[in-house]
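Chains A and B are the protein sequences, given in the same order. If you count the first sequence from 1, you need to add 362 to reach the working numbering. If you count the second sequence from 1, you need to add 50 to reach the working numbering.
Everything labelled a hint here was simulated from the structure, so no lab data went into it. Fair warning: there could be bad hints in the mix.
[Stated by the list, open to error] Cross-link-like lysine-lysine pairs, in silico, DSS-like; alpha carbons within 27 Å at most:
1) B:Lys124 / A:Lys373
2) B:Lys203 / A:Lys373
3) B:Lys219 / B:Lys52
4) A:Lys423 / B:Lys120
5) B:Lys69 / B:Lys219
6) A:Lys373 / A:Lys423
7) A:Lys403 / B:Lys159
8) B:Lys241 / B:Lys203
9) A:Lys389 / A:Lys403
10) A:Lys423 / B:Lys241
11) B:Lys52 / B:Lys172
12) B:Lys219 / B:Lys209
13) A:Lys389 / A:Lys373
14) B:Lys257 / B:Lys163
15) B:Lys52 / B:Lys276
16) B:Lys219 / B:Lys124
17) B:Lys172 / A:Lys373
18) B:Lys120 / B:Lys276
19) B:Lys163 / B:Lys124
20) B:Lys209 / B:Lys124
21) A:Lys389 / B:Lys159
22) B:Lys120 / B:Lys241
23) B:Lys163 / B:Lys219
24) B:Lys163 / B:Lys69
25) A:Lys423 / B:Lys124
26) B:Lys276 / B:Lys69
27) B:Lys203 / A:Lys423
[As the list claims (entries may be wrong)] Far from chain A, some chain B residues (derived; all Cβ distances over 10 Å):
28) Asp93
29) Leu107
30) Arg108
31) Ala111
32) Asn127
33) Arg130
34) Pro149
35) Arg154
36) Asn157
37) Asp164
38) Arg182
39) Ala189
40) Ile197
Using N, Cα and C, we set each Cβ at its ideal position, and we do this for glycine too.
Letter by letter, the chains look like this.
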Amino acid sequence: MPTVRVSVTLKPSLLDSAGRTVAGSLKHLGYEEVQDARIGKLIQLEVDTVDEGRIREMCQKLLANPVIEDFSFEVIG
Amino acid sequence: MKVAVLQFPGSNCDQDALKSLRYDIGVDAEYVWHDEPSLAGFDAVFVPGGFTYGDYLRCGAIASQSPIVKETIKFANEGRPVIGVCNGFQILAEAGLLPGALTRNINQKFICKDVFLRAETKRSIWTADVDRIIRIPIAHGEGRYIIDADGLKSLEDNKQIAFRYVNSKGELEDSANPNGSVSNIAGVINKAGNVLGMMPHPERATKELLGGIDGFTILRAFSLIKA
Numbered sequence: 363m364p365t366v367r368v369s370v371t372l373k374p375s376l377l378d379s380a381g382r383t384v385a386g387s388l389k390h391l392g393y394e395e396v397q398d399a400r401i402g403k404l405i406q407l408e409v410d411t412v413d414e415g416r417i418r419e420m421c422q423k424l425l426a427n428p429v430i431e432d433f434s435f436e437v438i439g
Numbered sequence: 051m052k053v054a055v056l057q058f059p060g061s062n063c064d065q066d067a068l069k070s071l072r073y074d075i076g077v078d079a080e081y082v083w084h085d086e087p088s089l090a091g092f093d094a095v096f097v098p099g100g101f102t103y104g105d106y107l108r109c110g111a112i113a114s115q116s117p118i119v120k121e122t123i124k125f126a127n128e129g130r131p132v133i134g135v136c137n138g139f140q141i142l143a144e145a146g147l148l149p150g151a152l153t154r155n156i157n158q159k160f161i162c163k164d165v166f167l168r169a170e171t172k173r174s175i176w177t178a179d180v181d182r183i184i185r186i187p188i189a190h191g192e193g194r195y196i197i198d199a200d201g202l203k204s205l206e207d208n209k210q211i212a213f214r215y216v217n218s219k220g221e222l223e224d225s226a227n228p229n230g231s232v233s234n235i236a237g238v239i240n241k242a243g244n245v246l247g248m249m250p251h252p253e254r255a256t257k258e259l260l261g262g263i264d265g266f267t268i269l270r271a272f273s274l275i276k277a
C-alpha cells in the first residue's frame with residue numbers, strides 16, 4: 363500500500379516560539395552552531411491509491427491551515 | 051428565543067455557557083451534540099470553550115469538520131447570531147467563518163487570569179453596548195491571534211476587530227497583550243457582524259460570585275435576539 367508523507371510547517375514569517383525554545387536548549391547543551399529551530403508536523407498516510415490532487419485537497423481542507431502553515435508531501439513507497 | 055450551546059468531545063465550558071445564559075442572562079438554552087444534523091428551533095449558537103478532540107492536529111481543526119459546525123456555517127450565512135469563545139473561537143476560525151488563526155501563546159504558557167478589554171466596533175450586537183473598559187478572564191495556551199498585513203488592514207477597514215487587550219485605563223500597550231496577538235486583538239467579527247469569536251470568557255463573568263459581571267455587557271445581547 364502506498365505511503366504518503368505530508369509535512370506541515372509554520373510559515374517562515376511566523377515566530378515559532380516552541381522552536382526557539384528548542385534551539386535555546388540545544389545551545390545550552392553546547393551546540394552553539396544552532397541559530398534557530400522550527401517545529402512542524404509529519405503526517406504519514408497509508409492510501410489505497412495515490413492521487414496527488416486529492417492529497418493536496420486533504421492538506422488544504424484539514425491537514426494544514428493555509429493562514430499559518432505551508433505543506434508539502436512525497437510518496438515514499 | 052433559544053440558544054444552541056454546542057457540545058463536542060472535549061468541550062469543557064459548555065456548562066458554564068448554558069448556566070450563564072439560562073440563569074444570569076435569562077434566555078432559554080439547550081445543549082446540541084456535535085453529530086446532530088440540524089439547528090432547527092434555535093435562534094442563536096454559542097460555541098463554548100474546551101479542548102475538542104484533545105486539540106489534535108490544531109485547536110478546533112477536527113471539530114470544525116463536524117456536522118453541527120457545517121450547520122452552524124449555514125446558520126451564520128443566513129445572518130443569524132453565532133458566538134465562539136476560546137476553543138469556540140478557534141473552531142469558528144478553522145471553519146472559515148472568521149478570518150485569521152489562533153496559535154501558541156508567545157511565552158509558551160497556558161495563561162489563566164483576568165484581562166481588560168476595549169470594544170472596538172459597534173457593528174455587532176455583542177459589542178454595541180460595551181462602552182467602557184471591561185474585565186473578564188482568559189484561560190488558554192493557544193490564543194495568539196495571527197493574521198497577515200493585508201488581512202489586518204481589511205479587519206480595520208471593515209471594523210471587524212471586536213475587542214483589543216488594553217490596560218486598566220483602556221490604553222493599548224504591549225504589556226496588556228497576554229499572548230502576543232497581532233495588534234492586541236482579543237476578538238473579531240465577520241464582515242456581516244453576526245459572528246463573533248473571542249478568546250476571553252464572558253460566560254465566566256456574569257455573576258459577582260464568579261468575580262465579576264462584565265461578561266454580562268456582552269452576553270446580554272442574547273436577550274435582544276428575536277425568535
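Cross-check of the supplied hints:
1. B:Lys124 / A:Lys373: Given pair Lys124 (chain B), Lys373 (chain A) is violated - Cα atoms ~30 Å apart, limit 27 Å.
2. B:Lys203 / A:Lys373: 20 Å, holds
3. B:Lys219 / B:Lys52: Violated, because 36 Å separates the two Cα atoms, which is more than 27 Å.
4. A:Lys423 / B:Lys120: Judged against 27 Å, a Cα distance of about 13 Å means the pair holds.
5. B:Lys69 / B:Lys219: Since the Cα atoms of Lys69 (chain B) and Lys219 (chain B) sit roughly 31 Å apart, the hinted pair is violated (cutoff 27 Å).
6. A:Lys373 / A:Lys423: Satisfied, since the Cα-Cα distance of roughly 17 Å is no more than 27 Å.
7. A:Lys403 / B:Lys159: The hint holds at about 20 Å.
8. B:Lys241 / B:Lys203: 13 Å, holds
9. A:Lys389 / A:Lys403: With Cα atoms ~23 Å apart, Lys389 (chain A) and Lys403 (chain A) stay inside 27 Å; holds.
10. A:Lys423 / B:Lys241: 22 Å, holds
11. B:Lys52 / B:Lys172: Within the cut-off at roughly 24 Å; holds.
12. B:Lys219 / B:Lys209: The given pair, whose Cα atoms are some 22 Å apart, holds under the 27 Å limit.
13. A:Lys389 / A:Lys373: 23 Å, holds
14. B:Lys257 / B:Lys163: It holds: about 17 Å lies between the C-alpha atoms, which stays within 27 Å.
15. B:Lys52 / B:Lys276: With a Cα-Cα distance of about 9 Å, the restraint between Lys52 (chain B) and Lys276 (chain B) holds, given a limit of 27 Å.
16. B:Lys219 / B:Lys124: 40 Å, violated
17. B:Lys172 / A:Lys373: 33 Å, violated
18. B:Lys120 / B:Lys276: 23 Å, holds
19. B:Lys163 / B:Lys124: 34 Å, violated
20. B:Lys209 / B:Lys124: Satisfied, since the Cα-Cα distance of roughly 23 Å is no more than 27 Å.
21. A:Lys389 / B:Lys159: 21 Å, holds
22. B:Lys120 / B:Lys241: 19 Å, holds
23. B:Lys163 / B:Lys219: 17 Å, holds
24. B:Lys163 / B:Lys69: 21 Å, holds
25. A:Lys423 / B:Lys124: With Cα atoms ~18 Å apart, Lys423 (chain A) and Lys124 (chain B) stay inside 27 Å; holds.
26. B:Lys276 / B:Lys69: 20 Å, holds
27. B:Lys203 / A:Lys423: Cα-Cα ~25 Å, so holds.
28. Asp93: At about 30 Å from chain A, Asp93 (chain B) clears the 10 Å cut-off, so the statement holds.
29. Leu107: Answer for Leu107 (chain B): violated, closest chain A Cβ roughly 7 Å.
30. Arg108: 6 Å, violated
31. Ala111: Label violated. Min Cβ-Cβ 7 Å, cutoff 10 Å.
32. Asn127: It holds; Asn127 (chain B) is separated from chain A by about 18 Å at its closest Cβ, greater than 10 Å.
33. Arg130: 25 Å, holds
34. Pro149: About 8 Å separates Pro149 (chain B) from the closest Cβ of chain A, which leaves it inside 10 Å; violated.
35. Arg154: Contrary to the label, Arg154 (chain B) does not stay out of reach of chain A, its closest Cβ about 6 Å off (not over 10 Å).
36. Asn157: 7 Å, violated
37. Asp164: 23 Å, holds
38. Arg182: 32 Å, holds
39. Ala189: 19 Å, holds
40. Ile197: It is violated; Ile197 (chain B) is separated from chain A by about 7 Å at its closest Cβ, not greater than 10 Å.
Hint check: violations occur at hints 1, 3, 5, 16, 17, 19, 29, 30, 31, 34, 35, 36 and 40; the rest are consistent with the structure.
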